[in-house]
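Could you slot chain D with the ligand onto chain L? The hints should help.
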Amino acid sequence: MLDFSISKEQKMIKSEIAKLVKDLVIENAHDIDESGDIDPATIQAIWEMGISIASVPEEFGGFGDQSAPVDSTLILEELAYGDMAVAVAATLPSLFIQPLVMFGTPAQQKKYLPLYCSEKYKACTLAVNEPHFQFDVVSLKTTAVAKSGDYVLNGEKCFVPMARTAEHIMVAAACDGKNQLFIVESSNPGLHISDREKNLGLYGLESVEIKLVDCVVPASDRVGEANGCDFGQILQRTRVGLCAMATGICRASYEFARNYAKERIQFGEPIAHRQSVAFMIAEMAYEVDAIRLMTWQAASKLAAGKDATRESYLAKLYAGEKAMKICDYGVQVLGGHGYVRDYPMERFYRNSRGISILEAMATV
Amino acid sequence: MIDLELNEKTEKVRANMKNLAKTLLRPISRKYDLAEHEYPKELDMFRSLPIMGKPKKKDPAAAAAAKAKKPADAEGGKIGANMSLVLSTEALCWGDAGLLLSLPNAGLGNAALIAVANDDQIARFGSKWIAMAITEPQSGSDSGSISTTAQLDGDHYVLNGEKIFVTCADRCDAVVVWATVDKSAGKAGVKSFIVEKGTPGFKLEKLEHKLGIRASDTGTFLLNNCRVPKENLLGNPEVVKQGTEGFKGVMKTFDNTRPLVASMANGIASAAVEFLKEQLEKAGYKLDYSKSVHNMSSVEKAYYRMEAEYEAMKLLTWRAAWMADNQQSNNLEASMAKAKSGRMATLITQECCDILGPVGFSRKQLAEKWMRDSKIMDIFEGTGQIQHLIVARNVLKLNSSELR
Ligand SMILES: Cc1cc2nc3c(=O)[nH]c(=O)nc-3n(C[C@H](O)[C@H](O)[C@H](O)COP(=O)(O)OP(=O)(O)OC[C@H]3O[C@@H](n4cnc5c(N)ncnc54)[C@H](O)[C@@H]3O)c2cc1C
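Chains L and D, in that order, are what the protein sequence lines are.
The working numbering numbers the first residue of the first sequence as 1 and each following residue consecutively.
The working numbering numbers the first residue of the second sequence as 365 and each following residue consecutively.
Okay, chain L solo, but in the shape it has when bound:
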């Protein structure tokens, strides 16, 4: 039933995360971006909120809560409001855990979930993006071919977060024309991990390219084994996750520009007193809300157990376009000060380009 209000519990979750983000992330976001390192204590503190394991059954170390996609969007928004690199890093295990909860066989769940549903954060990751022009998440170039009881994977992946420390990498590959997921151990001789990538944005997030060269994966490590998984359903959830992070970056950009415009004096009065500045801020205000509402709409569909292909697709398309626009306005409102790295605006600008380009960097 249509309801635009945040419940008491949701408010509580939101403000708890917001406090953590304020204390640990916002203050340090600049240093994280410059140094490329996130303090492990920060990741651990966020991990202890239990976001990634909430919907894992208790027998495997989770809380056994019902999956709550809308709540997850609130959390991801708050985290990305602080810093998107931190949001991705701290919730990364969700990308590995969620497909197993949804499609893993009992044996797979038993084998892998307890490994990662522990008190201490342990990296595990998902490799979806590929490093070539015309990358299309629906028709992946990485392939998995069945061969004498195993699968042989070949292809290249990029933007694989924390793959150098992860013991397990879940790899998306086309298998008989359908995208499927395979768990690759870090010690697999067919797996080649590059040095740390250098990208336009997300400086704080350690990520790599990986090559799969005749990488043999036992059939028991195909998620869902013979039945496989419905990759479309996973994509719906990761898209909503990405949109939630877009809301966070955009809100940060909007609020910073709004406050700055009130304080910056030129020609004897605050620049906010000029329509050409004020109207950019007005547009930022309602576009942030629009991205959030579209995210919530897709998450509501998922919460109701319905197919959200359309809603999540349109939300990502929208968020990708508007995030760039909002952050572009943000830099413009600050002028030259938006261009220098002392202010967070240029970071928002770089990170926001990722919303339209990246897939599967967070999930609900």
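None of these hints come from the bench; they were simulated from the model.
Even for Gly, the Cβ is constructed at its ideal location relative to N, Cα and C.
Some hints could be false.
As the list claims (entries may be wrong) - If you only want the chain D side, here are some residues facing chain L, beta carbon under 8 Å, derived:
| id | residue |
| --- | --- |
| 1 | 367 |
| 2 | 370 |
| 3 | 656 |
The following block gives chain D with the ligand in isolation, referenced to the frame of chain L:
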């Protein structure tokens, strides 16, 4: 708890309204686009429907009880009159926005009456079709600067001035006329009066020929020593000199009507998006939300973007209406919805015609009409710029002299 899914019952109502639009409005859409100013008699069947809501007796005890029942922080929400109206307006404007504006007894004046009239006024005017006359030749966006005057003379007010661009000017039974009782008081002196057709000195001067919504009759009234009973003044007759509270009161009606205009825009936009989809699919495009947006034709991408924009417009509008239904102040959200929907409906219908090419330029199809109709949504009830001003002042916490 956040949930943006409509329940089944509401979805059904929505589908029924759309069906009504399909069977009653679409078939006569072109007819009244061509027959400008002619009353669409097919709409008579709507006359008894309280489109703008039911005039309620103002019972202070009941109102207080209703307020008490719904504390501000109560959990959950409800779909009330505003959401229902927004949903049916959108569905009907998918059919035809000009005809929606021509629905009998559903003028903006009716909305104002329901918002502020006393019991006596509701008894006298509740069943009439009432237009709204604010705009003057010299006062458009700056509605606080109107110069039509109302002078108290015994039991009557005497009105003098000119009102332009009045929707339903020909077909209405009465008009809510904005006039100043005290020019020196500025906005605080602005009051509204119900002027009935046939009142001496009240003359419909002319009807406009327009770009779009031609089914809607837009006209000019002249008020020349027009005497209306004192009891026809809506709201408080006092001129409160301090501040602009009185004027703000009048403007409050717009918090409810802006989402309505936004939903009109959404209705036209949805018609264009849907028609474009049909045409593209006929031409062999597969629009199943599977392709990467970086790997498709510009036509497909344009289509998906239009559909995404429509979703954003719709949700901003629903939120504003839902808030009004749940006793939350929605001044900011109503303007956000109107700013977004008014502008985007204009752009969507333009692009729809562009992509359709000759089909979009021809009068054989309705796409060209939607492009003409939608443009008004970024103009009346406060232009897009005025909506941005309201939003900007609100979020920047600036007053109207700081941000002009
Ligand atoms: C078909 C139709 C139906 C209508 N129905 C009604 C009705 O029923 N009742 C009624 O009272 N009126 C009605 N109107 C009038 C409508 O509300 C006005 O046209 C509208 O408010 C704009 O006023 P204007 O045309 O005088 O434009 P102006 O106010 O002269 O504006 C011209 C341009 O300047 C911009 N502008 C103005 N002020 C500012 C500012 N401070 N900052 C930035 N930009 C600014 C505007 O956005 C616009 O782009 C109707 C108009 C039409 C065309």
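Hint check:
no., hint, verdict
1, 367, "holds (5 Å)"
2, 370, "holds (6 Å)"
3, 656, "holds (4 Å)"
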